[in-house]
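J.: Now for the letters of each chain:
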Amino acid sequence: MSDNGMISASGLSFQYNGSKRTVLQDLSVEIPGGTVTAILGPNGSGKTTLLRVLLGVLPPREGMIRLAGRPQGSYSRRELSQLVGLVPQDEHIPFDFSILEYVLLGRAPYLGPLAMPGAKDQQVALAALNVAGLADMQHRPLPNLSGGERQLATVARALAQEPRILLMDEPTAHLDLGNQGRLLAITRDLASQGVTVVLTTHDPNLASSLASYAILMRDGQVLDAGPTGVVLTEERLSATYGVPVQVLEAGERRLILLS
Amino acid sequence: MTSARSREGQRLPPGSWPLSRQSVADLIREHQWLLLGLAFVLVFLLSIFVGRYPAPYWMSPSTLWEDQMARQLVLNLRLPRILTACMLGMTMAACGTVLQMIFRNPLVEPGLLGVSQGAAFGAAFSILFLSGAALAQEALATVFALLGLGLSYFLARRVRYGGWILRLILSGIAVSALFAAGVGVLKYLADPLTQLPDIVFWMMGGLWGVTWTDFWYILLPVIVGLTIVYLMRWRLNLLSLDDDTGFSLGAAPGRERALVLVASVTATAAVVAVAGVVGWIGLLIPHVARRFTGADARRALPASLLLGGIFALLCDDIARTLLAGEIPLGIITSLFGAILFMAMMLSKNIRVQR
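Protein chains in written order, with numbering that gives the first Met the number 0: chain A, 0 to 258; chain B, 0 to 353.
In isolation and in its complexed conformation, chain A is listed as follows (with noise of 0.2 angstroms):
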């Protein structure tokens, strides 16, 4: 573990504009840095409004964040897009990009905003799209490929970016089995570089199987954080979810289920 890529935040609370709701009510947590982390908590409870205050693209109402030891407002905007990256939930993009422009695009933060990506460029986008097994398809139009390829695009995009901290909003969401383990396997590598993966996810059993720390959300709160072991229990994930949950041991594995 690294504290290089550290996520803290204090006090945050945030509201959308012209709208009553607080989405994020007095939040503090840490995420330690170079481990995947587990954002959990029902529908609406600010998990993805969460992700983009730590983006930087929503200014809380009040609070702090620091990332990698420093507060996010003392970043400039290419620093900021240097350090932390997105891979948001379902990107629509009404053009026909093939996979490698739309890749090369994750390269704009070291690019000035009259530059044009050049051959270092290119090589960085393609390893990514090694990394996320799209290489064979490079030229292929984004609009032809299925659900689960677009999403890897999309990661492979945020891989060009070479960030420290990376930030998924469900990325699992349209993924198969196979695909599911290709981005697993991204994910864990990635951590192991030192890069702070913070994702979210419907499915406690991914973030068990995946993650090392995890937090529960309800109602713009965080319940709960620690690491999974000790965060993903019966009795925690009941209280986040308001339904009873199960959870079996299974060797090292554990499985958990509605009761």
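If you're looking for bench data, these hints aren't it; they were derived computationally from the structure. Don't take each hint at face value.
Stated by the list, open to error - Keeping only pairs whose Cα atoms sit at most 20 angstroms apart, straight-line, the calculated SDA-like set for lysine to any residue is: (1) A:Lys119 / B:Val158; (2) A:Lys119 / A:Arg77; (3) A:Lys119 / A:Val130; (4) A:Lys19 / B:Gly162; (5) A:Lys19 / B:Arg297; (6) A:Lys19 / B:Tyr160; (7) A:Lys19 / B:Val158; (8) A:Lys19 / A:Thr47.
Claimed, not checked - Ranges of calculated distance between the beta carbons of each label pair, as one might list FRET restraints: (9) A:Leu144 / B:Gly183: 46 to 52 angstroms; (10) B:Ile222 / A:Gly111: 19 to 25 angstroms; (11) A:Ser75 / B:Thr212: 18 to 24 angstroms; (12) A:Asn143 / B:Leu106: 41 to 47 angstroms; (13) B:Leu34 / A:Ala126: 32 to 38 angstroms; (14) B:Leu165 / A:Gly10: 32 to 38 angstroms; (15) A:Ala172 / B:Trp207: 56 to 62 angstroms; (16) A:Ser73 / B:Tyr160: 29 to 35 angstroms; (17) B:Tyr160 / A:Ser208: 40 to 46 angstroms.
From the three backbone atoms N, C-alpha and C, an ideal C-beta is built for every residue, glycine too.
Assemble chain B onto chain A, guided by the hints.
T.: Chain B in isolation, oriented as in the chain A frame:
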């Protein structure tokens, strides 16, 4: 491109004829920039000799050499008109590409955001109250086109709901309707024998009576606007992504979109002020260009520029040559634009994902 290479082995030996349809398509794709550039130069040169002097449709190059009158005509009338047609097509097509990308909507065109209707109002106003002096008309059309853009933008910032794109498009529709109502009032007030035809003709669009003064008038905004969007063409790709993604990649989506928007629409406003409302180029040409080059604006934008220039030149050649009297350019571009659009729809080459 890969398909061309993989088929290499099966190609017919050199010199054998006919080439298969597929290999011709591959050849075109491999040399598309050369072909596009050549086509542009060719159409430009052709346009110099197409016309109704000394006799309909064609002037031989030797006439240009020998006939003093022909030289004067080409130099003072045809050349500024051809150059203006070029800039009209390039600006409309480039602006269409830019707007479609930053609004993330392939059905957007440059006249949106109150620009076309604003310009029409300004032109009609000057025809009614300033006796339609050419320079006053252009200046007023430009001012109102920019006013249309400014109003749309200001209104969009004031609207409380919806995303940035939805707000701008709604505001554009509202402002356009406002100016359209104003144009209606002016038409109603206009003298039906003298002023009304002027307004109607202006709104059909056309380049008759274009002089070197008009050309110089639009040159600066067009060059500045097109240079900005050309230099930022890779950035346009970034601005066509979701705001969150764009932000995570270091873009300032709001500010950068505003910059390319103002640059391209200002150029459009200047062109519309001189040429009137010439539709379809800005909607259609970006689709045709993307069909050749794919969506990446590094190639789609230059292709749009060239194709827009070619299309406007050809349409204007027809407008000024086909009949003894001038045909309004807007009618020709609509006619060919609509036909081309239908052909593209039927060949499933318009891809709109929603």
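J.: Each of the hints needs a verdict: does it hold here or not?
T.: Status of the hints after comparison with the structure:
{"no.": "1", "hint": "A:Lys119 / B:Val158", "in the structure": "violated (43 angstroms)"}
{"no.": "2", "hint": "A:Lys119 / A:Arg77", "in the structure": "holds (19 angstroms)"}
{"no.": "3", "hint": "A:Lys119 / A:Val130", "in the structure": "holds (17 angstroms)"}
{"no.": "4", "hint": "A:Lys19 / B:Gly162", "in the structure": "holds (18 angstroms)"}
{"no.": "5", "hint": "A:Lys19 / B:Arg297", "in the structure": "violated (44 angstroms)"}
{"no.": "6", "hint": "A:Lys19 / B:Tyr160", "in the structure": "holds (14 angstroms)"}
{"no.": "7", "hint": "A:Lys19 / B:Val158", "in the structure": "holds (18 angstroms)"}
{"no.": "8", "hint": "A:Lys19 / A:Thr47", "in the structure": "holds (18 angstroms)"}
{"no.": "9", "hint": "A:Leu144 / B:Gly183: 46 to 52 angstroms", "in the structure": "holds (48 angstroms)"}
{"no.": "10", "hint": "B:Ile222 / A:Gly111: 19 to 25 angstroms", "in the structure": "holds (22 angstroms)"}
{"no.": "11", "hint": "A:Ser75 / B:Thr212: 18 to 24 angstroms", "in the structure": "violated (47 angstroms)"}
{"no.": "12", "hint": "A:Asn143 / B:Leu106: 41 to 47 angstroms", "in the structure": "violated (21 angstroms)"}
{"no.": "13", "hint": "B:Leu34 / A:Ala126: 32 to 38 angstroms", "in the structure": "holds (34 angstroms)"}
{"no.": "14", "hint": "B:Leu165 / A:Gly10: 32 to 38 angstroms", "in the structure": "holds (33 angstroms)"}
{"no.": "15", "hint": "A:Ala172 / B:Trp207: 56 to 62 angstroms", "in the structure": "holds (58 angstroms)"}
{"no.": "16", "hint": "A:Ser73 / B:Tyr160: 29 to 35 angstroms", "in the structure": "holds (33 angstroms)"}
{"no.": "17", "hint": "B:Tyr160 / A:Ser208: 40 to 46 angstroms", "in the structure": "holds (41 angstroms)"}
Of the numbered hints listed earlier, those contradicted by the structure are 1, 5, 11, 12.
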